[in-house]
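Enquirer: This is what each chain is made of:
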Amino acid sequence: MMTTRLYGTLAGMGPDSPHYHGAEGPLSELSLSLVPLAIVAEWTRCGETADFVARYFAHDFDDRELAGNVLSTVVNELLENAVKFASDKSIPARLTVREYAERLCIVTRNVAAPGQAAAFGAAVSRLAEGDPEGMFAERIASPPETGGAGIGLIILRKDYGARVGVRITPSDDGGADVVEVEVEINNGDIEAGESRA
Amino acid sequence: MSLFEREPYSVECVAGSDVAVLRGVMRLPTPAAYDALFAPARALIESGRPSTIDLTGVSFLNSSGIRALASLVLLARDRGAPLQMIADDGIPWQKKTLASFRSISPSLRIASR
Amino acid sequence: MKLMLRRAESRGDILRCRQLIAEVYNRDYEVVFSENEYDLAAKVEPWPHRFLMALSAGELVAACGLYMRDTYVERFGQVSDTDFREVLRDAGVEDGYDVTRRREFTKMSVRHSWRGRGIAPFLTGAGHSRNFTEVDADRAIMVFCAKRSIIDNIFHRAGLHTRTIKPFPVYKVHELYRTPTDPMESRLILPRLDVPERWYELSLPGEYEVERIPRP
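Residue numbers (the numbering used here), protein chains in the order written: chain P, 10 to 206; chain H, 10 to 122; chain Y, 1212 to 1427.
A few of these clues could be false.
To be verified - Here's a subset of chain Y near chain P, in silico, CB distances under 8 Å, partners left out:
hint, residue
1, ARG1229
2, GLN1230
3, VAL1235
4, ASP1239
5, VAL1255
6, PRO1257
7, TYR1411
Worth flagging that the hints you see were computed from the coordinates, not collected in a lab.
This structure is a prediction, so every number in the text was calculated from the model and none was measured.
The beta carbon of each residue, even a glycine, is placed where N, CA and C say it ideally should be.
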């Protein structure tokens, strides 16, 4: 059996993960299973889904408009990536948001081509360790994304204080990997409008 | 209001002015998808005249759009064309992300509204 | 190989066709779709109004679409009524068709795993059946835009006669489709005149043997 590989900063990947915060379960949780092809077939669904998820959780913040805007931005970014990088867009991807007392955790899960997944994982490791401003400038200067941690994740880390982790589970038969991307943001960063990273 | 009512996105350059006004929710699929949309702003910069990009009407801009916008900043920098952006600090992506453009072009002016 | 051909009628049928076309077009050309917020410059394509399904043992293996109005050719190809009338005049059939009534054959997509079996020319021919296009109801003309290699290898291979209208402008959405040596054109097909009877009178729904048509 192939081994799961972890990259970046991982706070928790759900109840079945050794990293799950068992002592402090989420106060609220929303999970969506969606077929990436449906978003390809109607691109506006991506933003609509992000807006819906954002509105759902923004109710728990003092400044709903601000929190909703930030959450929609973050969720949209992750959902776009899950759709774009799904190697088989007919296989459902998953978006899960868990709200804790002090933070929000957003996880996407999709299948990805093995080579693509490994390169992405390595890029997320670099993102966790590197200077996000420097990486942003470097990314802007380089050709468009061909995989790896694109400018979207760099922006989430740089501007929203997001902690980013990736779990890659290879398939046993050499097929597609399952890629889970987790982004964790402090509720304070969502409300304050300032990055505390 | 209809469940599907949506603010359309647009880029307009008022004739005779050097201001490109961007409006709406911009979540196009790729950076290249912004090429045609941002063409009026690109043309302004390529003219070499001091130009302004008004972003105050853009409530959302995804990372593909931020990358495309950054390309305009780089273009202005490389051409030595003065460029100013007008931002709305009440819109999170503008308050947070635009400041990073100064790291790629120190001469970029960002005015807040 | 036998295929069942039928028009997509139910919401489920339409959804299946959209999913197949979306998968093929996204994989081959990196485009996405939207019902109302299409933007060719941003590689967001509009959906056709009608679909024809090709099924093998219930599995949708190919599909094609039809714009019943607001065709691609007129919206994005910059083709005017005058341009259409000119082609009809050259064909000597100016009064035989109503150029303001247009249908456009589009989005012909075959699942990758089903390619190489002659489905593309077959479905393209079938897509010009009056039972799908209903051109006889209002003397409509048929139009389409495609790159020259597709026109030759698919449309002409199916036995359709096509008439050049004008070159199709360059859009970002076609960057992975067309090349300078294989440009796109808007073309016109006159129902009855340019569509062989085997296609024009093809009954739908129906099950048909797909024979591979040799390249010209």
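Enquirer: Please go over all the hints and tell whether each is borne out by the structure.
Expert: Going down the list of hints, with the structure as the test:
no. : hint    : verdict
1   : ARG1229 : holds (5 Å)
2   : GLN1230 : holds (5 Å)
3   : VAL1235 : violated (10 Å)
4   : ASP1239 : violated (12 Å)
5   : VAL1255 : holds (6 Å)
6   : PRO1257 : violated (11 Å)
7   : TYR1411 : violated (31 Å)
Checked against the numbered hints above, the structure breaks hints 3, 4, 6 and 7 and satisfies the rest.
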